[in-house]
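Chemist: Position chain B against the provided structure of chain A, taking the given hints into account.
2 protein chains.
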Amino acid sequence: MAKIAVCGYGVVGKGVAEVLTENADSISRNAAEDISLKYILDIREFPGDPFEKLFVHDFSIIEKDPEVTVVVETMGGVGAAFDFTKRALLSGKSVVTSNKELVAKFGHELIAIAKERNLNYLFEASVGGGIPIIRPITQCLAANRLDSVYGILNGTTNYILTEMIQNNASFEDALHQAQANGFAEADPTADVEGLDAARKICILSDLCFGRHIDPEGVRTQGITGVSLTDVEYAKRLNCKIKLLGRGLRTGADSATAFVAPHLVSVSSLLSNVDGVMNGIVVHGNALGDAMFYGAGAGARPTASAVVADVIDAVKHSKARKYLDWLDAPPGYFTDSCYVRSRWYVRAETSLQQIGWAFGKVNFVTYPGASTTESAFATEEYDERTMQKLTSGMNVKSMFRILD
Amino acid sequence: MAKIAVCGYGVVGKGVAEVLTENADSISRNAAEDISLKYILDIREFPGDPFEKLFVHDFSIIEKDPEVTVVVETMGGVGAAFDFTKRALLSGKSVVTSNKELVAKFGHELIAIAKERNLNYLFEASVGGGIPIIRPITQCLAANRLDSVYGILNGTTNYILTEMIQNNASFEDALHQAQANGFAEADPTADVEGLDAARKICILSDLCFGRHIDPEGVRTQGITGVSLTDVEYAKRLNCKIKLLGRGLRTGADSATAFVAPHLVSVSSLLSNVDGVMNGIVVHGNALGDAMFYGAGAGARPTASAVVADVIDAVKHSKARKYLDWLDAPPGYFTDSCYVRSRWYVRAETSLQQIGWAFGKVNFVTYPGASTTESAFATEEYDERTMQKLTSGMNVKSMFRILD
Chain A
1 MAKIAVCGYG VVGKGVAEVL TENADSISRN AAEDISLKYI LDIREFPGDP FEKLFVHDFS
61 IIEKDPEVTV VVETMGGVGA AFDFTKRALL SGKSVVTSNK ELVAKFGHEL IAIAKERNLN
121 YLFEASVGGG IPIIRPITQC LAANRLDSVY GILNGTTNYI LTEMIQNNAS FEDALHQAQA
181 NGFAEADPTA DVEGLDAARK ICILSDLCFG RHIDPEGVRT QGITGVSLTD VEYAKRLNCK
241 IKLLGRGLRT GADSATAFVA PHLVSVSSLL SNVDGVMNGI VVHGNALGDA MFYGAGAGAR
301 PTASAVVADV IDAVKHSKAR KYLDWLDAPP GYFTDSCYVR SRWYVRAETS LQQIGWAFGK
361 VNFVTYPGAS TTESAFATEE YDERTMQKLT SGMNVKSMFR ILD
Chain B
1 MAKIAVCGYG VVGKGVAEVL TENADSISRN AAEDISLKYI LDIREFPGDP FEKLFVHDFS
61 IIEKDPEVTV VVETMGGVGA AFDFTKRALL SGKSVVTSNK ELVAKFGHEL IAIAKERNLN
121 YLFEASVGGG IPIIRPITQC LAANRLDSVY GILNGTTNYI LTEMIQNNAS FEDALHQAQA
181 NGFAEADPTA DVEGLDAARK ICILSDLCFG RHIDPEGVRT QGITGVSLTD VEYAKRLNCK
241 IKLLGRGLRT GADSATAFVA PHLVSVSSLL SNVDGVMNGI VVHGNALGDA MFYGAGAGAR
301 PTASAVVADV IDAVKHSKAR KYLDWLDAPP GYFTDSCYVR SRWYVRAETS LQQIGWAFGK
361 VNFVTYPGAS TTESAFATEE YDERTMQKLT SGMNVKSMFR ILD
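Protein chains in written order, with my numbering: chain A, 1 to 403; chain B, 1 to 403.
One chain only, chain A, in its complex shape (with noise of 0.2 Å):
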């Protein structure tokens, strides 16, 4: 019998108490033990929950019981889920997490420690949610050198991008939506700015290509900018406007990651992915490109992720030695404006100043469209390029195309 303690009783903590109970029976036959949850850590009090019984309000009765071997930490942030994950590891303790932004920011540091004491911090649950992808990287794709990673990695915002592209519906009508729907925060900054997708991609970055990129380092665009004249003029290119996190590798021994809006061809498996869903493509030298497609977020998914660490986590108390990278060296990270690709632009600008900016460029356009601005495709430039050329115009919407 391996007794476990979950912190933080929010969507995903509930969840996992959910699933434990509810497959406890395959759990426990894929564990080859049963699972017992002991401990639920919250601040607050819920009265008539069936797991009334299991609240603690003091980290340290979970860090001092020998019986407790794993710690699910499902609280999100950095600061008590840092504490709370450090000491139950020194206290001997496997930890589990969902918590994307502790993974990308302190990963290496947490797994360091982990290692040192040969037990395990696993954290499938923090990118992509229930969909596998960290064990299917590190594990199934290890004979191959992994060159790029991108994918849809934000259910909100893809959400809030299908309902502009299929439905007509405004940004703000949108994500009203979303929030209406459970899909959105009271605050949407985290999804819509793009900072979850940074930090998922990161950690995607640092798995695939062995050092650690700091999420405060990495150009992160949101959708605030995407509007339904730019939907429109993307459809004329064949394409949907999704917001893609990507990983580089761009030298021998370095890489970037980040996070911006892009035109995706409509014959891509990646631009069919929508409403709520993610999507990750992951290439390797061998392999060619992979995807794994779910659902992103949601307390059930996330949980299903959660627990399969668990069953893991009890199965094997010595250390995955599989999940690991390291610290950068200075030059690691280069900046992703050198990153090159074809560009879409909508500008008001004269025919004239594009053509001596760009030469040939493809224009698109659309019944009832402005008279007053452009839009095209250009060549391949990088991002400082595109600055440069663009500098005399009125730019409306610049966006990567992915190719």
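In case anyone wonders, no lab produced these hints; they're calculated from the structure.
Note that beta-carbon positions come from the ideal geometry of N, C-alpha and C, so glycine has one too.
Treat each hint with caution, since some may be false.
Unchecked claim - Some chain A residues near chain B, calculated using beta-carbon distances under 7 Å:
| # | residue |
| --- | --- |
| 1 | I131 |
| 2 | A143 |
| 3 | A286 |
| 4 | A290 |
Modeler: Same frame as chain A, now just chain B:
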């Protein structure tokens, strides 16, 4: 330094040798040990081959060499491959394979031998080529009760159907093209008749539902009965015709598996899996749907999966306890003729007779369609009922619709 042997120097065996050499650095980093190819077993000679010096023709050389800890079986078939796998396990070596026929037919026996000796029998490459699917199912989805697994499991038939759908090629032309491009064998029977997909859906069902399903008992319908006329009618139903392998839990301790062409809605992600690519959907009660996509065949993608298993076998000398299924009790396997679905029917018959048999149906037509036959989509029925209802009609095609 871990030493391994490859048995069978065909497409996959060559790919394994190539990937082991090309990615030696990252492989030894991931395995925490160098991995060296000591022997290649083949009955043929390969003069001038870069691995010329490694060839042996007698399996007992490998069997008796205590330095060899992992044997890769890329021979195919259930004859010598079965014999060598058993002998390798009995002489204390883990075995890694891409041989779906052997795993589908005798996987439970070979896993049992491996477990008894605390060795590994690993087969990630047996389904979906390089797509990570075996580990995700068994590890990442361990917290779920898995209810169904289905997908496009054969690249050759998906290539042929894609050519028919996108380029209006006849089945024969598309098959010749597939053969010319190396996507189909000279004798394409195992692919086009669905046998390859049947083996794969058995392995997936074994893993998802926990008990052995014999591929020989699985209803298997290939794509030779799919015509351009059907493709055209399917388009009018907003569907694409795809060859699917499907595994379904049918009760507390029963399941079914089958292979058949299906009409798949164009709005689904699976319908957009085109060409030689594979896509596999798994449904879990906590996660919902997840899809795994990538190259389902080919030397390097398949080698990617094989070598990942080799790394796993080298890192973990003890048996992977999660890879496991049991013999099935009598009554476990449900005949798929009892699975209900909507159906697409094309038949030479009168509207009156269709009305008598089905009541209201959804008729479809297209400009230039034959006037002597009717095509329609039905409500949900099982296959036996469908056979009764259509017994007086001259049925040309009858395919399930995936909902």
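Chemist: For the hint on A286 (chain A), just tell me whether its beta-carbon gets within less than 7 Å of chain B.
Modeler: Interface hint status for A286 (chain A): holds (4 Å vs cutoff 7 Å).
Chemist: Classify the hint on A143 (chain A) as holds or violated, based on whether any CB of chain B lies nearer than 7 Å to its CB.
Modeler: Result: holds, 3 Å to nearest chain B Cβ.
Chemist: Please check whether I131 (chain A) passes as an interface residue: C-beta within 7 Å of a C-beta belonging to chain B.
Modeler: 6 Å, holds
Chemist: Holds or violated: is there a CB of chain B closer than 7 Å to the CB of A290 (chain A)?
Modeler: Hint holds; A290 (chain A) Cβ to chain B Cβ min 4 Å, cut 7 Å.
Hint compliance for this structure: no hint is broken.
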